[in-house]
Amino acid sequence: MTKYIIKKLLIMALTVFLISLAVFFIITLPPGDFMTNYVGRMLAAGERVNQEEIDALRRTYALDQPFIIQFWRWFSKIIFHGDFGYSFSLSMPVTAVIKAYIGPTMALSITTMLFTYIISIPVGIYSAVHQYSFGDYFFTTICFLGQAVPNFLMAILLMFIAFRLTGDTMLGLYSPKYQNAPWSWEKFLDLLKHCIIPVLVIGLNNTCGLIRTMRSQMLDELNKNYVMTGKAKGMKAAAIRYKYCVRAAVNPIASSIGWSLVNIFTGTTITAIVLNLPSMGTVMYNALINQDMYLAGSWLFLMAIATVIGTFISDVLLAWLDPRARKEYLKG
Amino acid sequence: MSEEVKKSSKTAAHSDEKKSEKYYYASQWALMGRKFRRHKLAMGSTFVLLIFYLTAIFGNFIAPQGTEQYDGKFVNCAPTPVHYFHEGKFVGPFVYAMKTERDPVTFMAHHVEDKEKVCRIKFFTEGDPGGEYKWFGLFPSNIHLFEAEEGGKIFLFGTDNMGRDLFSRVILGAQISLFIPVVGMLLTLVLGLFIGSLAGYFGGWVDTVIQRAIEVVRSFPQVPLWMALSAAIPKTMKPAQVFMLMTIILSLVSWPGLARVVRSKFISVKKEDFIMAARISGAPASKLITRHMIPSFLSYIIVDMTMSIPSLIIGETTLSFLGLGLRSPATSWGVLLQETNKLETIMFYNWKLIPMIFVFLSVLAFNFTGDGLRDAADPYK
Amino acid sequence: MMKPFRKKELETTYEIAPEHILEVKDLHVRIAVDDYDLHAVRGVNFSLKKGETLGLVGESGCGKSVTSKEILGINPGNCRSEGQILYRTKSGKVLNLLELDRDGTVYRAIRGAEISMIFQEPMTAFSPLYTIGNQLAEIITLHDPKATKASARQRVLEMLRKVGIANPEKRIDQYPHEFSGGMLQRALIAMMLCCDPDLLIADEPTTALDVTIQAQILDLMRSLQKEFGMSILFITHDLGTVANMCDNVAVMYLGEIVEYGTVRQIFHNPQHPYTRGLLRSLPKMDQVRDEKLYIINGVVPLPVGLQANCGFHDRCEECIAGRCDTQEIPEFEAEPGHMVRCIKLEKQEVHHG
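Protein chains in written order, with the numbering used here: chain V, 590 to 921; chain Z, 4 to 384; chain H, -7 to 345.
Calculated directly from the structure, the hints in this document are not laboratory data. Note that this is a predicted model, so its numbers are computed, not measured. Be aware that one or more of the hints could be misleading.
Derived pair list, reagent style SDA-like, types lysine to any residue, alpha-carbon separation capped at 25 Å [as the list claims (entries may be wrong)]: (1) Lys274(Z) - Met115(H); (2) Lys276(H) - Tyr286(H); (3) Lys832(V) - Lys162(H); (4) Lys268(Z) - Asp809(V).
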């Protein structure tokens, strides 16, 4: 077991290294570097630019060095000092930016995930058990429609509807008057109100996908031979469903929790941009547009790491839930 | 039972017999086709897609305006209604000429119909200068399907804030939005099949290396990676180059999924007796892969690919919407929707959401088609 | 179109012969598949005495499994049935099983406790997520409300030992994937005999197993039958096992029983061309080495749009054109207790009579 975990961790370390290489490659793809961009904007704004200062900055960030050296500087700082570099566009360390935005992002993601699971598992089971019933057709249709609307369009539509109904577009996470107010019950309610649209938008695609997966998993299980054994034993059909089928159908879905959280975490990106939420997505978008390479790179890097960790958690969960996988897992 | 009834029941039974016989001996593809045709929703969706793609292919002819044409006089103009009767008399399809009025309170310009002037719609007309195009990129022409008579303007879906005809832009946008996913999918298919079969067929260190690569790419969440890559596209590039880069980006991100499937299919199929038989009888590796192994799970791959197109359509639309993919004057549905990002736009000019209907319909149609194909390919259904 | 679910249980009372525990009368089962309406079972009649073993024989797709599952009421929802399945419960009451609510208390009390079934593929008959012990104990606690966890476990251990599973104390807490196919079939038999049923339906219990294991399982079933005294409905396509296991044999073809008799009658005096074909296609010890095994031409047709004729006529070597393919074939008695559904016997009757 220990041997297995060590092997797994080593592979993970290698993957992380390769990922960071890829990330760094991607963020250096755009022609020119941040400095060229920066200088361009300074000049456009009518400011004078001191070439020596620029060169000094270039040297500090090793922008004049070959790719591999630039990469190593960046990577070693992250690994050994937890230093993700400096955000040129926000004029603060990337670590500080991440700290400021990680809270709302995680809160939004976890709320959405809870919403997703609470809705999709029961609905999926219902649809499978009552296959071809009115309810099944109803939910299947909704899922098809829900999956066909891109997140950003959904966000725009809901924003429009919210404005029509309440006169408030529900942009951001707080109403302006609570933006800087201390925490209070009203502020919390205001936050919840502003969460409705993002949760709906981010959750909808995932929920629809999950309902369909749950439904087909459940249908698979309902057609398995052990259901017939259960009937032959004299079990009630509903008892067979809940003891055997649901448990088996939920397994793969429950074990994908780690991966699913990451999925939602990144799913917030687009929605956040449209709804102007104070989440990592917006920051990332601006960083990309402004070619703020360290900020954009760190974000991409963190997302990828989260996926690796999420996959690991899913593996462990699956092994824990399914005796067959447990055996494989123990064997290594 | 009368003689006739007996006879008819006998022929019915006979045809049933034929039916069951056919059922036993039909090829896999014939069976798939038959099952697919029974799936009404999927058939309907395929038909819709066919129309969409044909429209896109003949887009330059069908669209009254070219990509770079605009009419500064008609900015933010609502869709023009097409009429058939003028003052109770049938005149065929026509539009009224338009005049511009200013709202006395808000000072906003309005385009209203001038009920006096009838402008018939002409078909197969020579377009305005600037609407030139080439049939299939070869034969220059400026013939358009329809146009209003001198003095009239026809904007079926209204115009945008530069006075460009939205109907034309939706059709021309389809050329990008509907073809990027397909080209991207084909590229994914080639990459995925090639890399996946290498890993699955040879195993060993080839497999290990490819597996690592797959793992690394799959560790990147799709949307942020798309965003990062398309942000790297230089803003000065020509639309055609951006198109190519976009397809490459889309498929770069999605090949590992397919490669993984192909790899595992390969590994399981490798153990099958018919592959063993072919190998023993001396078939070379290339033939073994292309003639025996890939066809054995091809139907699965086709289904998988059809199902992947919707996410590519959404991907392209989203990126363009964010201004990370194609940019104006190049047109795609995402680019068209950029304007709707402002709430005021939707409040006052809600026709600008029309491109959304097409995104929605094409994604839905691909989903249904994919679903139908999957059911048809499933031998246990 | 579904089988009617009766809320009120049983108003009519039924009678069956005193020595019988099961009588199947004119059973029809239709299955709706795609646009087809498969007439899988077409008027089947048979009965089963206490302690008797009846073999139900035929190729795949001739309705054996459907018939047996209909007795237990576990066919999927797209099947609908007509006729009667009369069963004498342990308490001596005769019930028409087709009238019962399939998921109701009465039927569920019968399943597993009075009528049990073992399946063709033991590997898939268990849920992979629970231990063998858990799944076996369940049948005990289901049917005996007084059973405690401990007493159920004791009973399971006892049964596992009885079916010849070594080291049951360890095995009871293992998962199905840790068992071999043969072991699983033993465990399944143990499970289905936990409540001492009067009737055991065995649906090709050895088909998915290795040949050596097959013999062991059959031996086990025979000895358990002696011990528990239950009747067995033994479904198989293998006439060899029938000779070993059964008292009587019913040969099914295309949803009908085409020949019925004792094992002796069927093996020594087979009348129906189909039965003879089946027997001829068995490999024999004294067969010349290079002699080819006999095969019956063609395959069992789909039971769709069937006409009034002998279902076997298109594969029969002795088919009489104008008769076999145009008229319904009644049952004829070849000798006492030996029923055959073949037109050739009509001639014999005319001759003798």
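Hint check results:
1. Lys274(Z) - Met115(H): 21 Å, holds
2. Lys276(H) - Tyr286(H): 11 Å, holds
3. Lys832(V) - Lys162(H): Holds, at about 24 Å.
4. Lys268(Z) - Asp809(V): Holds. Lys268(Z) to Asp809(V) sits at ~20 Å (cutoff 25 Å).
Violated hints: none; the structure is consistent with every hint.
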